[in-house]
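Visitor: Sequence:
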Amino acid sequence: PEATAAALKDGWYHTGDIGYFDDTQSIYLVDRKKDMIITGAENVYSVEVENLISTHPGVLEVAVIGVPDPQWVEVVKAVVVPRDGVKLDEAELIEFCRGRIANYKIPKSVDFTDQPLPKTGPGKIAKRHLRDPYWEGQDRKI
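Under the working numbering, residues 1373 to 1514 are what the sequence shown spells out, in order.
These are computed hints drawn from the structure, not numbers from a lab. Among the hints, erroneous ones may be present.
Unchecked claim - Here are the simulated DSS-like cross-link-like pairs (lysine-lysine), alpha carbons at most 25 Å apart as the crow flies:
id, residue 1, residue 2
1, K1459, K1477
2, K1491, K1459
3, K1480, K1459
4, K1480, K1496
5, K1491, K1480
6, K1496, K1477
7, K1491, K1477
Could you put the whole structure together from the sequences, leaning on the hints where they help?
Guide: The structure is reproduced here in structure tokens:
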């Protein structure tokens, strides 16, 4: 109830989704506002990076989050669950991204885990649980 009340402003329900209209007035949802990463002066939509990394044949599951950085405020980090029996390394996944997305969207680091990524009730990845440990003790929280 509190989240719904907070999303209602002047009679409009603010979903927190980011999207755009094309020339035919079709709407495309790009990402959730809370999952957008602002690195330097650039906006990175986490789902765009996740969609790319998920095409790597060795990746079972991926989440992309923003983590603190002294120069850029936050930078892109990927958290990856490799497929069973696959050994991935950070350099391989970063190189996989080069030339496929803009350089500022490429993860600066990759964490690997053999555990499933945390999920919300509806089964979406709970990115806040992945982000929070990095932002503890920081002046600015995302």
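Visitor: All the hints need checking, so say for each whether the structure fits it.
Guide: Hints, one by one, checked against the model:
A distance of roughly 24 Å separates the Cα atoms of K1459 and K1477; the hinted pair therefore holds under the 25 Å criterion. For a cut-off of 25 Å, the pair hint linking K1491 to K1459 stands: about 24 Å separates their Cα positions. Between the alpha carbons of K1480 and K1459 the distance comes to roughly 19 Å, so the proposed pair stays at or under 25 Å and holds. The hinted pair formed by K1480 and K1496 meets the criterion: a straight-line CA distance of about 24 Å does not exceed 25 Å.
A threshold of 25 Å between alpha carbons decides the hint, and for K1491 with K1480 the separation of about 24 Å falls inside it, so the pair holds. Our distance criterion of 25 Å between C-alpha atoms is met by K1496 and K1477, whose separation comes to about 22 Å. Among the hinted pairs, K1491 with K1477 is consistent with the structure: their alpha-carbon atoms are about 24 Å apart, no more than 25 Å.
Comparing the model with each numbered hint stated earlier shows that all of them hold.
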